[in-house]
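Q: All letters in the sequence shown, in the order written, are residues 2 to 127 by the numbering used here.
A couple of the hints might just be wrong.
[Stated by the list, open to error] Now the in silico label distances, taken between C-beta atoms and shown as ranges:
| hint | residue 1 | residue 2 | range |
| --- | --- | --- | --- |
| 1 | P61 | K111 | 30 to 38 angstroms |
| 2 | I95 | Q126 | 22 to 30 angstroms |
| 3 | K20 | T43 | 32 to 40 angstroms |
| 4 | I11 | K101 | 39 to 47 angstroms |
| 5 | R72 | K31 | 28 to 36 angstroms |
| 6 | R72 | K101 | 21 to 29 angstroms |
| 7 | L18 | T109 | 28 to 36 angstroms |
[Said to hold, decoys possible] In silico lysine-lysine, DSBU-like type, Cα no more than 30 angstroms apart, as pairs:
| hint | residue 1 | residue 2 |
| --- | --- | --- |
| 8 | K39 | K55 |
| 9 | K20 | K63 |
| 10 | K89 | K101 |
| 11 | K65 | K111 |
| 12 | K65 | K107 |
| 13 | K55 | K84 |
Quick caveat, the hints were computed from the structure, so don't treat them as lab data. These figures come from a predicted structure and were not determined experimentally. Just so it is clear, CB atoms sit at the ideal spot from N, CA and C, and this is done for glycine as well.
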Amino acid sequence: MAKVVWSNGIDYVSGALNKVKKGGQHDHEKMLLGTHRKAATTSNHCNHVYLREKPVRTTPLKPKEVAIRQRFQAVQAMVRARKEDLTKVTQDQIDFLAQKDLANGKRTMKAYLWLVCGREYDEAQD
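All chains, please: the whole structure from these sequences, using the hints.
A: This is the structure we're talking about:
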């Protein structure tokens, strides 16, 4: 932990100053995190900077995790294809507006398409 004094005009910084980036030309292994303490105290050192290591998974994926990832990829592809399918766009818009104001209705078209495509995927897997 380090005590930090920012430049004139900057009282505090709260959040990631850089994030862990996986892959690509600029692969960052560490994250620089700035925090600002809001709790009352007698100390006037309230800005801190932490260096966090990139998390590394030490255990193999469980079958349930693999299934979840496969479902996500499949449903994502289905949503992308359905958004571009002109034969379904009009009916999807009508169905979306019909359920939007219900208690458990989806508020965005994207969320609605994820719900519909997720149900289709689950029914196909059963």
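Q: Lying within 28 to 36 angstroms: is that true of the beta-carbon distance L18 to T109?
A: For T109 against L18, whose Cβ atoms are near 31 angstroms apart, the range 28 to 36 angstroms holds.
Q: For the pair we were handed, K20 and K63, check the Cα-Cα distance against 30 angstroms.
A: Between K20 and K63 the Cα gap is close to 27 angstroms, so the pair holds against 30 angstroms.
Q: Range hint 32 to 40 angstroms: satisfied by the CB atoms of K20 and T43?
A: holds (34 angstroms)
Q: Please test the hint of 30 to 38 angstroms on the beta carbon pair from P61 and K111.
A: holds (32 angstroms)
Q: Looking only at beta-carbon atoms, does the pair I11, K101 fall within the given range of 39 to 47 angstroms?
A: holds (43 angstroms)
Q: Holds or violated: 22 to 30 angstroms for the Cβ distance of I95 and Q126?
A: holds (27 angstroms)
Q: Starting from the range 21 to 29 angstroms, see whether the pair R72 and K101 falls in it by beta-carbon distance.
A: Since the Cβ atoms of R72 and K101 sit about 25 angstroms apart, the hinted range of 21 to 29 angstroms holds.
Q: Are the Cα atoms of K89 and K101 separated by 30 angstroms or less?
A: holds (18 angstroms)
Q: Given the proposed pairing of K65 with K107, does the C-alpha separation stay at or below 30 angstroms?
A: At roughly 26 angstroms apart (the allowed maximum being 30 angstroms), K107 and K65 satisfy the hint.
Q: Need the status of pair K39, K55: alpha-carbon distance at most 30 angstroms?
A: holds (27 angstroms)
Q: Should the hint that R72 and K31 are 28 to 36 angstroms apart at their CB atoms be regarded as holding?
A: holds (32 angstroms)
Q: Below or equal to 30 angstroms on CA atoms is what counts here, so check K65 against K111.
A: holds (25 angstroms)
Of the numbered hints listed earlier, the single one contradicted by the structure is hint 13.
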